[in-house]
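Asker: Could you build all of it, start to finish, from the sequences and the hints given here?
Going down the list, the sequences are from chains A and B.
Just so we're aligned, residue 232 is where the first sequence starts under my numbering, counting upward by one.
Just so we're aligned, residue 232 is where the second sequence starts under my numbering, counting upward by one.
Heads up, the list lumps identical chains together, so a pair's fine if it works in one copy or across two of them.
In silico DSBU-like pairs for lysine-lysine, Cα to Cα no more than 35 Å straight-line:
#1 Lys744 with Lys712
#2 Lys549 with Lys408
#3 Lys549 with Lys484
In short, the hints are calculated from the structure, not lab data.
Protein chains: 2
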Amino acid sequence: MASLLFLNPNPLISHRSLFLKPYSLSSIPKTITTTFSFRAKCSLSRRPDYIPNRISDDSFVRIFDTTLRDGEQSPGATMTSKEKLDVARQLARLGVDIIEAGFPASSRDDLEAVKMIAREVGNTIDEDGHVPVVCGLARCNKTDIDAAWEAVRHAKFPRIHTFIATSEIHLQYKLRKTREEVVTIARDMVGYARSLGCNDIEFSPEDAGRSDREFLYLVLGEVIKAGATTLNIPDTVGITMPTEFGQLIADIKANTPGIENVIISTHCQNDLGLSTANTLAGAYAGARQLEVTVNGIGERAGNASLEEVVMAIKCRGKELMGGLYTGINTRHIVMASKMVAEYTGLQVQPHKAIVGANAFAHESGIHQDGMLKHKGTYEIISPEDIGLTRSNDSGIVLGKLSGRHAVRSKLLEVLGFELDGKELDDVFWRFKAEAEKKKHMTDADLEALVSDEVFQPQVVWSLGDLQVTCGTLGLSTATVKLIGADGAEHVECAVGTGPVHAAYKAIDCIVQKPVTLLEYSLSSVTEGMDAIASTRVLIRGENSHASMHALTGKTVYRSFSGTGAGMDIVVSSVRAYVSALNKMLGFRAPTVKKTASAESSQASA
Amino acid sequence: MASLLFLNPNPLISHRSLFLKPYSLSSIPKTITTTFSFRAKCSLSRRPDYIPNRISDDSFVRIFDTTLRDGEQSPGATMTSKEKLDVARQLARLGVDIIEAGFPASSRDDLEAVKMIAREVGNTIDEDGHVPVVCGLARCNKTDIDAAWEAVRHAKFPRIHTFIATSEIHLQYKLRKTREEVVTIARDMVGYARSLGCNDIEFSPEDAGRSDREFLYLVLGEVIKAGATTLNIPDTVGITMPTEFGQLIADIKANTPGIENVIISTHCQNDLGLSTANTLAGAYAGARQLEVTVNGIGERAGNASLEEVVMAIKCRGKELMGGLYTGINTRHIVMASKMVAEYTGLQVQPHKAIVGANAFAHESGIHQDGMLKHKGTYEIISPEDIGLTRSNDSGIVLGKLSGRHAVRSKLLEVLGFELDGKELDDVFWRFKAEAEKKKHMTDADLEALVSDEVFQPQVVWSLGDLQVTCGTLGLSTATVKLIGADGAEHVECAVGTGPVHAAYKAIDCIVQKPVTLLEYSLSSVTEGMDAIASTRVLIRGENSHASMHALTGKTVYRSFSGTGAGMDIVVSSVRAYVSALNKMLGFRAPTVKKTASAESSQASA
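Answerer: Spelled out as structure tokens, the structure:
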């Protein structure tokens, strides 16, 4: 490989310098005493006006969210257009600077989803005057760039993000192109994107972490000349160490001709668990755009997670990173995390930093001892800072006698959902039915019901009745009544290896769309034997819904998730399956009507 | 606070130096070109002989696993003695240098569990001549230290780990002690531990990351004089940045009197998602013991995860960290991860680095394109390196006609379980029963059955028969037959809000031990409608099984998990509940007989 020609003659020294500052101990002040009296409480500084290739305040770091593109292409994370729109609205509410809404060339559905987000979210100015940039991904070819531009051009701030690999290993084995060819393609395609009228172009040299430095500076310098405004440096395979990645950014900043006229960006994969640290090292070294995903989802071990990067900057940016800050309103983090987990089916582990179920759970002892005496003993971030309300904090306790108004208030106050009209009716009646069976409805119970009603795709089939017999003694039998879009009732029965198998077979007899069940999971939402169970399934239809993978260009088949809630696990399993089928059957719908929930959530932003 | 008195007069400069090497750009060679032709393949260097306070090879880093102590105290992660022994054996197989087996003063059960691990695992020398150190945690008081010594003293290499907080915030609000008092206590208690005959003492200044540096050097210097052999530096609240933590280790190394005679250790919490990066920065700065947990479990956002730290050192230690290496046999990582997830109920997210379900899952396109042409394009660690075998890799496909021998071979070859005698019989008959219903048994199906049979507590109650009726139309009813330890059959029926509620109520009528159901979850093990479902429940008995929290000394109540597998989700739910009840009812058993599985897994090590 060509890069072997440039080996440093004294590898030990350069490696030390790459990894950590050598400890010239004489230079260290004897008493570096840092005080940690803080719990995160920086007030939001005003966000500088958006200019593609520069930021008026050098301490401001842009947050570029790629949940809808990189996150959505991870196995099983397919979202419908409506779900993508919901997520995009939540990202806008979070105050994300740039939303990468998809890869428009991958399929017509993707293009339409990005276009819808560009039109709606890309033109909705919030009360602080902020409107996010809407970005579409494109490989370095005219077809992709045309599709991306068609999708994003209606946004107030449209951006095209184009990429090509620059590492030797990718040039040789994937692209089969020479360095000269790659430089020409990159320059020409950035120029082509500008020629369409787009003045905000991001360019990524894929696998930059393993690319020859001199070649990298050359490619980047050329695309700057051609009109790129942001240069994104991905650690595509997730193997760099923090100081090594920081050094890469610093080197690019020091050696790329024209770099002072563009924004440098990071995009770190998490294969060794270092994506957050790498991203922060990049910011410290001069990157002013950080690419992240909610919950850190993405292919393989995912990407740097928005909540970790943002909270680290919020907690330590002022003190340790030269005053860096972001425009994120962190109080919307928890809702964004829940929504993305719900829609993609990629649940976060209990010990996930910031948004895991245990992240703020202290064993009772600690609360009584350190915690109550002084919150700072163990808690460095206050739960309220990320929008986490503790169960029944609001004081409203719901029971079966609660009225519509109490349910509506609780939803708004504690959970942040604002529902009206039919959606409120649906949730209210489900609530009454469950409350008949259960004494105390907790916030989490209610939230599960809301998710079940509100986060649902358009209805093609709905569940009428279900009757099941099962156990160790005999054959499991299920009888299912489904109601079609036309109101007609269909009843079928089937025998299976268990109650869910039997019920799903009965549904298949009615729906007549062959699918494969890829995943099935179920968890209780709250404590207690009469807790509401939330079920999630992932299905894939036969020979349908092809999409294209961004990095390889190969065809991948979409899978669809569905969720259902209820106190009967068989019933909730059936609801989830029907929901996934509806999602699959409704996926191709080119436009999604603006629902009441969408409007109201917009209003509450 | 006193630390305010020592503020650096030029904060900007010191902050820069704390965070990252300043970029004196003239000193950066123009062509730092690193080649990444590797996929992790370092051969295992020979592990230096164990001497508590020094390591003959300065590049060797000890791995200290605290899954059984810090991990087990996280909410809901309680393990039985038998489970702890299984995990300890797996840690020994991994080649962990030190196993922190528990906090013996917390309860009699804990003490007995640590003692059992010290006796068995602490005296089993593997084929490479390695036997792990067995360590017990103790607060800085004689009762705790006595308990720890009683528990670990039978190991070949016993260690006592004692700790006291040193940060101002903890001194003021938690300990209510002066600095002088803390120094005296620390020195005296380390001396006391040595006086018992223990020559391997680890000392931790809790909340070291927020402690005044000069005071920290003083405390550490005093405990070295008193006989401490390892000094562990915890980032208790998980707020340090990598270079900041590296600097802390470097400062301690540079300024603590007598530090050259002891080992420095790291213990990093993950509250900002930086624990792996912080741990590696600590190692680079001179720490030669790294405290980690399998899957990164632990309170709040958990600890640095063993698999991330070990694989990062394996991948980059030679090249970027001055040749650092560990003694871990990484091929046992996957099994350790599965076992810990199974026993603690803390599942890892799909995008968890190294051990997540998606960590090695590439969308099909990538395989055909980059991957097959050259594995290094996207894969930096080979799945085999961590012991991950892909489904049906062995070529043995099991069906209902497969015999005992085929099942045994499959278990051994692919899954690493070596079963014989009754355990093989049990698994074999369960296999036959399920295979009757299902055409193809995948490795994952088989593994779920093995987990269900082998990872079970001692049987107090076992499931006879179950019959359930449920659905949207009527009241869910379950009839359950349980068989007691004496062989007597008990039958009860109950009505509930769903089939599981009904069945659990029926079981409660028979068992008559009031419990609270804390968590319930269920997931399919494989694709397809007739997949085996694995259910997990977490219960807590009334007024029983108190334990003490290590850091606060407060009482916490243990909870017990149980798992069950089967094609009928109601049946698997009932199995899980019976398993959790058995675990709770059998928890107090002081000694656990050496089971066939334990012996055979020892033999296969």
